[in-house]
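J.: Chain by chain, the residues:
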Amino acid sequence: HRTHAPRIELARYCKIMATTSMMRRAAASAAKSFTSIRPFSSTTDFNRAELPTLSYEYDALEPVITGEIMELHHAKHHQAYVNNFNKAADEHREEIQKEDKSLQTLAQLNDVMLFNLGGHINHQLFWETFIRPADFQPPKGMLKASIEENFGSVDDMVREMIQKGTGVQGSGWVWLGYHLPSDKMYIHTTPNQETLERSGLKPLLGIDVWEHAYYLQYKNRRPEYLKEIWKVVDWGVVAERHASFKPEDVTSEGTSEEEKEAK
Amino acid sequence: MATTLAQSLSGRTVAFRPTTSQPKARGGRVITRAAFTLPPLPYEKTALEPKISKDTLDIHHGKHHQTYITNLNGQIENNSSLQGKSLEEVMLASWNNGSPTPEFNNAAQSWNHEFYWESMTPTKQEVSGDLKADIESTFGSVDNFLKEFSTAGATQFGSGWAWLVVDNGKLAVVKTPNAENPITSGKKPILVMDVWEHAYYLDVQNRRPEYIKTFVSELINWEKVAERYAAAK
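Line order of the protein sequences matches chains A and B.
Mapping the first sequence onto the numbering used here, position 34 (from 1) lands on 34, and the numbers just tick up by one.
Mapping the second sequence onto the numbering used here, position 105 (from 1) lands on 105, and the numbers just tick up by one.
Only chain A is shown next, with the shape it has when bound in the complex (with noise of 0.2 Å):
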């Protein structure tokens, strides 16, 4: 039967009551992706993050990922973004409301959390797209309509996704991205943990190339790593995100302008 990851409501785990704008922008805008949206009720009040938990095991991904790899990445480096995020909040809701609050430490608070924040987020829609070697199924329908009719083909896609994953210096993010406005995909990098979100595309599929992704297995090999991962990619998952981005009068069926012209 086919495995894959539950839809994290992703508006649930980004209820982040921010007490600065930027914060409050980039949680508001990451959870107007998904279908679930709550409004901010309160300026003082911070939901904390949580670490989602996986519904595969650590090894399900195997011999394309190692469990090692996949328990360190959740466990330890997700949790860390979680904790680091979390901290970093509670710092930062306690000193703003001193009386001698100092902005520095305010300013520096606020860049702990928005990269914390930013990996959180990112290993969210992550673990989303995983599925079981054994499970995988190549894209089809309107998604494969789409990518074919931005990039040629699947295989093209895939091509570029690799080489600008490759050429990310330093550790980054290479992200499939659609962008709402004039109903196009595109392929776009993002350093460090810096969320699609704010170059004003919508995630569709993220790999992550920070080392730590496939070091202890893959080594130095960043473009062998980025030519296996698509054997686990869960193009379900991606589907599911793509028809909810799209503008509501395009259904799998055709275009509304095509439904009035044959009424």
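Possibly wrong hints are sitting among the right ones.
[Stated by the list, open to error] Result set (SDA-like, lysine to any residue): computed pairs, CA atoms no more than 25 Å apart in a straight line:
{"#": "1", "chain 1": "A", "residue 1": "Lys76", "chain 2": "B", "residue 2": "Ile59"}
{"#": "2", "chain 1": "A", "residue 1": "Lys164", "chain 2": "B", "residue 2": "Phe157"}
{"#": "3", "chain 1": "B", "residue 1": "Lys51", "chain 2": "A", "residue 2": "Val112"}
{"#": "4", "chain 1": "B", "residue 1": "Lys213", "chain 2": "A", "residue 2": "Lys164"}
{"#": "5", "chain 1": "B", "residue 1": "Lys147", "chain 2": "A", "residue 2": "Val112"}
{"#": "6", "chain 1": "A", "residue 1": "Lys164", "chain 2": "B", "residue 2": "Lys147"}
{"#": "7", "chain 1": "A", "residue 1": "Lys164", "chain 2": "B", "residue 2": "Asn73"}
{"#": "8", "chain 1": "A", "residue 1": "Lys76", "chain 2": "B", "residue 2": "Gly158"}
{"#": "9", "chain 1": "B", "residue 1": "Lys51", "chain 2": "A", "residue 2": "Lys164"}
[Said to hold, decoys possible] Far from chain B, some chain A residues (derived; all Cβ distances over 10 Å):
{"#": "10", "residue": "Lys76"}
{"#": "11", "residue": "His77"}
{"#": "12", "residue": "Asn110"}
{"#": "13", "residue": "Gly141"}
{"#": "14", "residue": "Asp156"}
{"#": "15", "residue": "Met157"}
{"#": "16", "residue": "Leu180"}
{"#": "17", "residue": "Glu211"}
{"#": "18", "residue": "Trp230"}
{"#": "19", "residue": "Ala239"}
{"#": "20", "residue": "Ser244"}
Calculated directly from the structure, the hints in this document are not laboratory data.
From the three backbone atoms N, C-alpha and C, an ideal C-beta is built for every residue, glycine too.
Starting from the known structure of chain A, fit chain B onto it as the hints suggest.
T.: Then chain B, alone, in the frame of chain A:
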């Protein structure tokens, strides 16, 4: 122009074009104005165990550092404005006042890694003399300096480096992201610690603070740092 194949120091064959410019001394070693070659480690690959494993040095030096050099040479071949320059000159030229050209990443990383290998020693050393006195007067104590240096390494988001530099005659701790190097802002580095994940992941995985602690308490080549300090003052 005739080319001949020559054995590089690492034993790999490297094509080079003989030039007529004078080789410059750097740290006592003569480097040619030809294609860059991977400098050998100042110690055996097993020499830093168990602090840094042979496996790490094999890959960090033999793959990562080598790749930066190989790729840099490829880029320079196609860019005559960078030919005939020392590694530091290439790095500064390609920094291009903050809008780095594609060569910068490879040039700076080649420079940074060489500086890093030389910043470490297999046998634990203590800081002494003028350097110790100046560290104490700048940071309060050697411990304070090590703490500040460690924090710089631990708080560098993503990839990067932590440095001890001489800045306008004063000692200072700085951190840089990715390939960046404080020479481009006029500072004189005397010590560096690599905090890219590849520097420690095989040995301590995500536990960067553990790597940093080992580096500052057991690996620093204080003799080398003092030598650089004397030259930088």
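J.: Which of the numbered hints above does this structure break?
T.: 3, 4, 6, 9, 10, 11, 17
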